[in-house]
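Protein chains in written order, with our numbering: chain A, 1 to 141; chain B, 1 to 141; chain C, 1 to 141; chain D, 1 to 141.
For the record, the hints were derived by calculation from the structure and aren't laboratory data.
Every clue listed holds true.
List time: in silico SDA-like cross-link candidates among lysine to any residue, alpha-carbon distance up to 20 Å: (1) D:Lys-7 to A:Leu-11; (2) C:Lys-69 to B:Gly-41; (3) C:Lys-69 to D:Met-112; (4) C:Lys-7 to B:Gly-71.
Where chain B lies over chain C, by a calculated footprint (3+ residues, C-beta under 8 Å): (5) 4-12; (6) 33-45; (7) 64-72.
Don't be surprised by glycine CBs; every beta carbon is placed ideally from N, CA and C.
4 protein chains.
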Amino acid sequence: MSWTHHKPIRLHHTDAAGIIFFPRLLELAHEAYEALLDELGHPLAEGLAADGPILPIGRCEADYLRPLKLGMTLAIEITVLREGNRSFTLGYVFRDENGVDLARAQTVHVAMDRRTGKSVALPDMVRLGLKRVQGGPVSAD
Amino acid sequence: MSWTHHKPIRLHHTDAAGIIFFPRLLELAHEAYEALLDELGHPLAEGLAADGPILPIGRCEADYLRPLKLGMTLAIEITVLREGNRSFTLGYVFRDENGVDLARAQTVHVAMDRRTGKSVALPDMVRLGLKRVQGGPVSAD
Amino acid sequence: MSWTHHKPIRLHHTDAAGIIFFPRLLELAHEAYEALLDELGHPLAEGLAADGPILPIGRCEADYLRPLKLGMTLAIEITVLREGNRSFTLGYVFRDENGVDLARAQTVHVAMDRRTGKSVALPDMVRLGLKRVQGGPVSAD
Amino acid sequence: MSWTHHKPIRLHHTDAAGIIFFPRLLELAHEAYEALLDELGHPLAEGLAADGPILPIGRCEADYLRPLKLGMTLAIEITVLREGNRSFTLGYVFRDENGVDLARAQTVHVAMDRRTGKSVALPDMVRLGLKRVQGGPVSAD
Numbered sequence: 001m002s003w004t005h006h007k008p009i010r011l012h013h014t015d016a017a018g019i020i021f022f023p024r025l026l027e028l029a030h031e032a033y034e035a036l037l038d039e040l041g042h043p044l045a046e047g048l049a050a051d052g053p054i055l056p057i058g059r060c061e062a063d064y065l066r067p068l069k070l071g072m073t074l075a076i077e078i079t080v081l082r083e084g085n086r087s088f089t090l091g092y093v094f095r096d097e098n099g100v101d102l103a104r105a106q107t108v109h110v111a112m113d114r115r116t117g118k119s120v121a122l123p124d125m126v127r128l129g130l131k132r133v134q135g136g137p138v139s140a141d
Numbered sequence: 001m002s003w004t005h006h007k008p009i010r011l012h013h014t015d016a017a018g019i020i021f022f023p024r025l026l027e028l029a030h031e032a033y034e035a036l037l038d039e040l041g042h043p044l045a046e047g048l049a050a051d052g053p054i055l056p057i058g059r060c061e062a063d064y065l066r067p068l069k070l071g072m073t074l075a076i077e078i079t080v081l082r083e084g085n086r087s088f089t090l091g092y093v094f095r096d097e098n099g100v101d102l103a104r105a106q107t108v109h110v111a112m113d114r115r116t117g118k119s120v121a122l123p124d125m126v127r128l129g130l131k132r133v134q135g136g137p138v139s140a141d
Numbered sequence: 001m002s003w004t005h006h007k008p009i010r011l012h013h014t015d016a017a018g019i020i021f022f023p024r025l026l027e028l029a030h031e032a033y034e035a036l037l038d039e040l041g042h043p044l045a046e047g048l049a050a051d052g053p054i055l056p057i058g059r060c061e062a063d064y065l066r067p068l069k070l071g072m073t074l075a076i077e078i079t080v081l082r083e084g085n086r087s088f089t090l091g092y093v094f095r096d097e098n099g100v101d102l103a104r105a106q107t108v109h110v111a112m113d114r115r116t117g118k119s120v121a122l123p124d125m126v127r128l129g130l131k132r133v134q135g136g137p138v139s140a141d
Numbered sequence: 001m002s003w004t005h006h007k008p009i010r011l012h013h014t015d016a017a018g019i020i021f022f023p024r025l026l027e028l029a030h031e032a033y034e035a036l037l038d039e040l041g042h043p044l045a046e047g048l049a050a051d052g053p054i055l056p057i058g059r060c061e062a063d064y065l066r067p068l069k070l071g072m073t074l075a076i077e078i079t080v081l082r083e084g085n086r087s088f089t090l091g092y093v094f095r096d097e098n099g100v101d102l103a104r105a106q107t108v109h110v111a112m113d114r115r116t117g118k119s120v121a122l123p124d125m126v127r128l129g130l131k132r133v134q135g136g137p138v139s140a141d
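Just chain A, same shape as in the assembly:
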């Protein structure tokens, strides 16, 4: 049903207010997404180099529930929130070492022809990947 990535909050994620600089949460979400792609056997670097559709992010959002502080090790859980014809939405929950929810985020990925820039149907390979994430733990590093 989901996939979880573990990652500590490092100094470069924080700012002078003493907590995470808010856009870095989405950077951490994308890092978890890239680790998931590795796990699925389709690393992002291959996808960018290949000839098929690209999957740029068309929308993102994040909610900050509790302070995210330097040194916390986050468990970032990814789930598939929606699978459309031309796009899909991933959800992220960020928890601390005790399982307390610290933040949530979403990213919408739109399949796009890299030459025309027009939206296209989700490739079968992507549909299969989404099924594998929905179907149960791909791995837990």
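We have chain A already, so just place chains B, C and D on it with the hints.
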């Protein structure tokens, strides 16, 4: 009714897919917000050092309408979307040199007591600042 | 003899230790370099898209003399430290509003064939650009 | 004699030129340093919160030997290059999966009284930590 900040997309905003790395749009939004605070005479550094409530971001979202590319000079227009009792929401529109909308974003700022971490009423100084932004151009740099 | 770019230290440059996160100084140096390229009429985006040699950075260094804090407006002065056959070195001095030196940095740019990855002679256009920077103020924004 | 940290190059490390944005190498070096501090039982967050001297970076440098590309998993090896009275220097070698050197870096850490901003003698705890790194592998994650 709004305030506009101009800023080029630099190499550090982009990624290997050739366009802006999506969380950097929110970094640019916050940079425009900090420039607005300067203009209002309340720079962020003073706010963080003072004793009153802090205004951490409790939620953000962004929509990417067209590719944001290296070298484009963005006009980032800030408006007040909502003024509540304990929080306010800013809206951002990102346009290119021809006035074409490239992206939109929102940030929700929640007034918080820095010792207890509890939400509190928006300080009068913040209400005044929001009125100035709503009342018309503070400046156009 | 030099060229100066002005830029405030923003929240995203800082970290939980309350000052600039040290690699961001080099990000600011590169931002000043990109502004210089704009001023010379050779924006980086054009250089990357064109067919000639690229100029990746082969070495960098930075010295931190005084704390660089949120809200300071930096004057970043760029000078040409060395012009070689296949590379050149730029120097950066970072000063506060009172002209006090806060930091220094250097970047070494190596001309490289984008297909072979081998170093090549500096293109004439680059030599001309370096002369213009050495010859006196290109501009002072 | 050294300590090694493994970390993939993620999209947020890269730029529109298709390789790592050069200051991000130093960000990766610091992330490896923070992982080392965790391993030594002295996480950075504790050091910043405690009352003793702080250890800001007074100098850094980096050499880029080969292109660092999206998806490569770096082995970052840390060694102690110099131990002085009031500062120490760490060296970093970045290798790919085949053991090929891609880049090198150094950071100089200066012990400083957090109230006066003056340099002070290295605390004993830091000397012990340096000895442990010099003495052999602390761990290999």
